[in-house]
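Novice: Each chain is listed here by its residues.
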Amino acid sequence: MNTSVEAVWAALEELNDPEIPVISLRELGILRDVHSAPDGSLEVVITPTYSGCPAMSQIEEDVRATLQRAGISARVMTRLSPAWTTDWMTDAGKEKLRAYGIAPPHQTPAGSKVVNFISKPPKDEIVPCPHCGSAHTVESSHFGSTACKALYKCRDCQEPFDYFKPY
Amino acid sequence: MKPAIDYLLHLADNALVLGQRNAEWCGHGPILEEDIALSNVSLDLIGQARLLYQLVASLKGGNCTEDRLAYFRDTHEFRNYTLLELPHHGPLSGYAQSSLDYGTTIVRNFLYSALMALLWEALEKSTNADLAAIAAKSLKEVRYHLRHSRDWLVRLGDGTDESHARVQASLDHLFPYTQEFWAHSPAEAAAIAAGIGVDVTTLKADWDSIVDAALEEATLKRPALSGYVTEGKQGIHSEHLGFLLAEMQSLARAHPNGVW
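These protein sequence lines map, in sequence, to chains C and G. The numbering of the first sequence is our numbering, which starts it at 1 and goes up by one. The numbering of the second sequence is our numbering, which starts it at 168 and goes up by one.
One chain only, chain C, in its complex shape (with noise of 0.2 Å):
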């Protein structure tokens, strides 16, 4: 790795998502790869989330901008596959979510067959309250403020939470 690709490493490390402020591109799962292009220039990889998130225009306007304050001269790309996964979601990552009141998502099922889907939620489906940290939770919509994430109650503390959906 030569010094250029390891300082647009260095420059994106604090760059966080702008809807949920307190965890970073990288640890998400955004910022895919790094590397020098056969023409020697910088290219910055990034994969979108879900495909109607409005806020993928802004992280790729946030990553210019970043770049740009480094002094680093450098193309942002966007790419489809593999498509984005949860899974890529740091364990410090998932931390930060839980610390911001937001309970990080589970492991995508694996295999997941359409029809194993919809039929019944896998067992394993119990989102822990992250404000009490208790079990005894229960979803109130498939659909939080964000299309990544559904929206839960906890029946211990009463209090209200988003749960990032595994994607």
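Be aware that one or more of the hints could be misleading.
Between beta-carbon pairs, the in silico distance windows are [claimed, not checked]:
{"#": "1", "chain 1": "C", "residue 1": "14", "chain 2": "G", "residue 2": "257", "range": "51 to 59 Å"}
{"#": "2", "chain 1": "G", "residue 1": "396", "chain 2": "C", "residue 2": "158", "range": "49 to 57 Å"}
{"#": "3", "chain 1": "G", "residue 1": "229", "chain 2": "C", "residue 2": "92", "range": "40 to 48 Å"}
{"#": "4", "chain 1": "C", "residue 1": "159", "chain 2": "G", "residue 2": "230", "range": "34 to 42 Å"}
{"#": "5", "chain 1": "G", "residue 1": "227", "chain 2": "C", "residue 2": "158", "range": "38 to 46 Å"}
{"#": "6", "chain 1": "C", "residue 1": "79", "chain 2": "G", "residue 2": "229", "range": "40 to 48 Å"}
{"#": "7", "chain 1": "G", "residue 1": "419", "chain 2": "C", "residue 2": "54", "range": "16 to 24 Å"}
{"#": "8", "chain 1": "G", "residue 1": "322", "chain 2": "C", "residue 2": "91", "range": "43 to 51 Å"}
{"#": "9", "chain 1": "C", "residue 1": "91", "chain 2": "G", "residue 2": "409", "range": "39 to 47 Å"}
What the hints contain is simulated information worked out from the structure, not anything from laboratory work. The beta-carbon is built from N, C-alpha and C at its ideal position, and this holds for glycine as well.
Put chain G on the given structure of chain C with help from the hints.
Specialist: Frame of chain C; chain G shown alone:
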């Protein structure tokens, strides 16, 4: 390249038209949570449409853009299923007007999501790598749309006498339109032959089992399939699409080349 473009436009128009319809609930949902849910489903659908239009624009080249495809084509150029352009209520005659009916919205989203969950999964193997990548993303999203609409279908069907009767009426109204899913258009046949598209008739048995299981749980009766098979995906639409497009396209047409 033409089979790919025609097929991608069919998929894109499906997503955009249903996305626009569902967005009509924004600010009008029966409860706040559902208002937000439908808006989020719309965002997903419009996002999928954008990815597909961007791909079409790159295949067409020239000065084609996603906005050009979404805002500057007319009714006969749209290739969506007729089912997706219908208003959120049952059939009416003359100048009769009706308010939005949530049961109709739910039934339509369920019937379409059940198909797309299977179709996106199959399209992950498309020989068009860009389409396969979009399919992999869309599949993750449509599973949540399917779970959402299925849950509400059961809740309404197995709910009160009133909710049961209304959602059964919505099902009776919309179900015949699903015949269009299984009748190949020339564009689909060409895409299948080129390895880009998927033969939807191979998905019908799975679709039937998803639908039948949900209807049984919802205590609803599966209507018989009969009557006219709509041809929206061949550009022959109901009277409703023009009004939908007029609303959706008016701003872009009033300010052509506007950027915001």
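Novice: For residue 159 of chain C and residue 230 of chain G, compare the CB-CB distance with the range 34 to 42 Å and indicate the outcome.
Specialist: Distance hint for residue 159 of chain C, residue 230 of chain G is violated at roughly 53 Å.
Novice: Could you say whether the range 40 to 48 Å given as a hint is met by the Cβ separation of residue 229 of chain G and residue 92 of chain C?
Specialist: 47 Å, holds
Novice: State, for the Cβ atoms of residue 14 of chain C and residue 257 of chain G, whether the hinted interval 51 to 59 Å holds or is violated.
Specialist: Taking Cβ atoms as reference, residue 14 of chain C and residue 257 of chain G lie about 55 Å apart, which means the hint holds.
Novice: Between residue 227 of chain G and residue 158 of chain C, is the Cβ distance one that fits in 38 to 46 Å?
Specialist: 55 Å, violated
Novice: For the pair residue 91 of chain C and residue 409 of chain G, does the Cβ-Cβ distance stay inside 39 to 47 Å?
Specialist: 53 Å, violated
Novice: Regarding residue 322 of chain G and residue 91 of chain C, is the given constraint of 43 to 51 Å on their beta-carbon distance met?
Specialist: 37 Å, violated
Novice: Could one say that the CB atoms of residue 419 of chain G and residue 54 of chain C fall in the range 16 to 24 Å?
Specialist: Holds: the Cβ-Cβ distance is about 18 Å, inside 16 to 24 Å.
Novice: Does 49 to 57 Å hold as the CB distance between residue 396 of chain G and residue 158 of chain C, or does it fail?
Specialist: 53 Å, holds
Novice: Does the Cβ pair residue 79 of chain C, residue 229 of chain G satisfy 40 to 48 Å?
Specialist: 25 Å, violated
In this structure, the hints that do not hold are numbers 4, 5, 6, 8 and 9, in rising order.
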